[in-house]
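Enquirer: Kindly generate the complete structure, drawing on both the sequences and the hints.
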Amino acid sequence: MTTVSPAAMASAQTDGNGSQMSERPRTRIGGGLWRQALYRVLRSKSAILGLALITAFIAVAVFAPWIAPFRPGDNSWLDQVRPGQYPGPSAEHWLGIDPQGRDVFSRLVYGTRQSLLIGVVSVLLGGSVGVTLGILAGAFGGWVDAIVMRIVDIMLAVPSLLMAIAVAAVLGPSLTSVMVAIAVTSVPIFARLLRGQMLGQRASDYVLAARAAGLRRSTIIFSHVLPNSVTPVLVQGTLYLSIAIIDAAGLAFLGLSSPDPSTPEWGRMLTDAQDALATAPLLAMAPGAAIVLAALGFTLLGEQMREALDPKYHR
Amino acid sequence: MGRFAARRLFQAVPILIGLSVLMFAWVRALPGGPEQALVPQDASAAEVEQVRESLGLNRPIWMQYLAYLGQVIRFDFGTSLMSRQPVRAEMLDRFPASIELGVSAMLFALLVGVPLGYLAAKHYGSALDHAFVTSSLIGITIPVFFMAYLLKFVFAVQLGWLPTTGRSSIRMATEHPTGFYVLDGIVTGNLMASWDAIQHLILPAIALGSIPLAVIVRITRAAVLDVMNEDYVRTAEAKGLLKRTVSIRHIMRNALIPLVTVAGLQLGLLMSGTVLTETVFAFSGVGSFVAGALFARDYPTIQGFVVVIALMYILVNLLVDITYALIDPRVRSAQ
Amino acid sequence: MALLEIRDLRISFMRRGRPPVRAVDGLDLDVDGGQTVGLVGESGCGKSITSLSVLGLLPKRGVEVSGSIRYDGIELLSLNDDARRSIRGREISMIFQDPMTSLNPVVRIGVQITEPLRRHKGMTKGAAMDAAERLLRRVGIPAPRQRLGEFPHQLSGGMRQRVLIAIALACGPRMLIADEPTTALDVTVQAQILDLLKEQVVESGTALMMITHDMGVVAELCDHVTVMYAGRAVEAGNVRDLFAHPTHRYTAGLLAAMPRLETPRDAPLNPIPGSADQKLPWDDGCAFMPRCAAATAACGRGLPPMQSTGWNAVGGGLDEEHLHRCLNPAPALAKKAMTP
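Protein chains in written order, with my numbering: chain V, 905 to 1219; chain P, 193 to 527; chain Z, 55 to 394.
These are calculated hints, taken from the structure and not from any lab test.
The model shown is predicted, which means the values in this text are computed figures rather than measured ones.
It cannot be assumed that every hint is accurate.
Across the chosen pairs, the derived CB separations fall in these ranges [what the hints assert, rightly or not]:
| id | chain 1 | residue 1 | chain 2 | residue 2 | range |
| --- | --- | --- | --- | --- | --- |
| 1 | P | 435 | Z | 56 | 25 to 33 Å |
| 2 | Z | 246 | P | 315 | 52 to 60 Å |
| 3 | V | 973 | Z | 71 | 41 to 49 Å |
| 4 | V | 1122 | P | 325 | 37 to 45 Å |
Distance condition first, Cα-Cα at most 27 Å in a straight line; then the derived BS3-like pairs of lysine-lysine [said to hold, decoys possible]:
| id | chain 1 | residue 1 | chain 2 | residue 2 |
| --- | --- | --- | --- | --- |
| 5 | P | 435 | Z | 179 |
| 6 | P | 435 | P | 314 |
| 7 | Z | 114 | P | 435 |
| 8 | Z | 252 | Z | 175 |
| 9 | P | 435 | Z | 252 |
| 10 | Z | 114 | P | 314 |
| 11 | V | 949 | P | 314 |
Glycine included, C-beta positions come from ideal geometry on N, C-alpha and C.
Expert: Shown next, in the form of structure tokens:
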């Protein structure tokens, strides 16, 4: 017995007493671990909360036209707006009207689409490039590995927001450049993750056994190493979705998102509302809360997934 | 130790070379090409020709790169299009401000975050622990510029406790021999100026420090929880040492190892955060300047600052590595 | 009165929403100065937890300890945290199982050895360092002065265990608890460490509580032995008696499972059938019953008390009683008496 934590001792004793179901050794890393992990994720309250938040935001994004009472660009209420005086919440406009005379609630609802879109596209883009680089480095090793990892090091040497700014400067301000910019900053993270996974597993007993059995390198990589690297990538992807949403807001704040001011986007709404913080705090708090809740949803789920899949946390 | 540092420095060389290639390529990828990007839009044909000449755009690409490398080594990044000042002069003005802000933010995050994380771990599973974990989660998900605006709104605008913008009050006439305002006040014997600079630093530093703070609380908590269950902590307890000795020498000293790594990683986030925080507080540092340069399409400025920021980032990471080796003797002898 | 007297020790771990786990149940144990007492059993039987409770190193939350642990007449279980801290390391020291993980990796050896000296003896840094050097020399570490400035990773496993012993001996404790101190070490080093401990007991009259699963170590080192199974003592007595006439079936099994040189190589080893997972629930009788060849229906109905085996003092002529907790004790071994 090497630990003195009560939980560890209790569990050691449980196993010893045999009153609990005796755990079988894991012979397969596939289904069994996944089922167990899913079970563990679903048992955690914070994961359920995260999942609920994500589901709610996806639903809002999908059904935006039915949920939002008005079109996001509709500025029919401009005549109700005086400088520094914005109509607050009412039965018709739940979250009030913004300085441009538009319904805040409708913009918030449609903004969900933008945020999720930016998040998903940039993570898919950055993830696939990063994963490919990681596979190349991990599978071939040697000089391929050296080159890929130096590229990754160079990318990591530039703070991510500056990297995003540099990318956006080349592409010009647009939604696409926001996505590309965020994707670029995520590439080194995914590349490092996958390379680490592959190197770790290449040295593991089951890969050694597969090699001893005479399996080809490509077979080992595609049928053994890669499937086992899927989960960490999923975890990182989920976590990065929250970073993408937060970073997209930051880029919008700097004026790097879509040049069309009518685009409903949380980051831009937050930026536009800041001068009205004293008179109409809801204008800023609503998109701010939306960003925090969406990011929180992905963070909670991602972290619980990581804990469920990491044997280190099972104490 | 010296050899360890030298080796680390040497390892940074290929990264720096790669970075210079990247920046070189970036300028050439800009809309309109370098001769359009690097001169003011109203520039005369003669001015354009002069830039073409200095960049050597008529020469083969590898010679252009070598010329560029020569410029970078001499810290010659050309003239800012916004201010018509040499970019290097702008740097001397801006970097001390951002370093002052970044160091304050990191100090705030460490001085608050480490004790909170330790407390959470010591009371693992308690209401206190849950409260800390939850608030640090929310801390991570709040966009830093939103945090900055909230702080500014509450403490500067509504309560009026602290200044809203800038690095110093206008009435505060003082000299700036170092560019670090807090230090300047001390150097020139004008402690009021230092206090004024500190007041201007508080809100931006807290806003900027909020992200590393949340991360540091979580990492400290996790690291302390890990270390608490280590055999050597039990050995220390078995010696009958005072609680204080066990906590500081045996738990915290080991928990510092992951903490230093993560704090180092946070520095990158911190540099990203300065762009946003400085913009909100009109704090005339590197971040707000680069953001402004971006709007003005002031590419010489952007180029120069990005190179120097990356350089600093590499240097800071070197310092982190050295700190790491100072704490963990195993790292030292493994090299 | 023995130096350490454990009476009816019960330790349970609380679990949320489930019944508590009883790790130790009604243990009695005496250890006196100059004496080595073995506490034997497989992992999870409660022997390590017993030793941690003597030192007061069990977690405070979620653990319930009852019964009595008297050290030199003082009831340890009623002392507060500060009082227990001042006993630990000064009066009672412990040597842990894994020398690779039991030393702080980022603190110099010298500091780790001098810590208890400075805390309990109030020594100055210089005096403590000199004492540490003498301690290292005594536990057989060459060039001790140089070692003081080194870090644990610069030392081999055997050296580290010697350092841990030096730490434990630093304040001249009257009682030493060693939790499997040789399990993680090479065989040649094992013997050296055991000799070191033996020397300490004989020369300084220290009381030694030796926790082990290795009957060989018991034979080598111990005067008295208590065998534990699933948190309970199942047999206790003078080591010569117990080795000559193991009466509880578990003890007999442990001894029979020991490979011996005098038995032919092709003779089967005699493992105890089943595994430690197979146990009866606590109140239903002898926990060893599911693995016991001699079990009868009565074994599953209530727990037999610790009682005399009737094989008293065969070996050493000592007056301690040979006790066991068994309804169907093993007969005297047919083959040559297994004296150590």
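Enquirer: Indicate, hint by hint, whether the structure satisfies it.
Expert: Each hint tested on the structure:
1. P:435 <-> Z:56: 25 to 33 Å: Hint holds: Cβ distance 31 Å, inside 25 to 33 Å.
2. Z:246 <-> P:315: 52 to 60 Å: 44 Å, violated
3. V:973 <-> Z:71: 41 to 49 Å: Once the Cβ atoms are compared, 47 Å apart, the range 41 to 49 Å for residue 71 of chain Z and residue 973 of chain V holds.
4. V:1122 <-> P:325: 37 to 45 Å: The hint (37 to 45 Å, Cβ to Cβ) holds, given that residue 1122 of chain V and residue 325 of chain P are roughly 44 Å apart.
5. P:435 <-> Z:179: Cα-Cα ~20 Å, so holds.
6. P:435 <-> P:314: 12 Å, holds
7. Z:114 <-> P:435: OK: residue 114 of chain Z and residue 435 of chain P at ~14 Å, within 27 Å.
8. Z:252 <-> Z:175: Distance of about 25 Å is within 27 Å: holds.
9. P:435 <-> Z:252: Answer violated: residue 435 of chain P to residue 252 of chain Z is near 32 Å, above 27 Å.
10. Z:114 <-> P:314: Holds, because 12 Å separates the two Cα atoms, which is no more than 27 Å.
11. V:949 <-> P:314: Within the cut-off at roughly 23 Å; holds.
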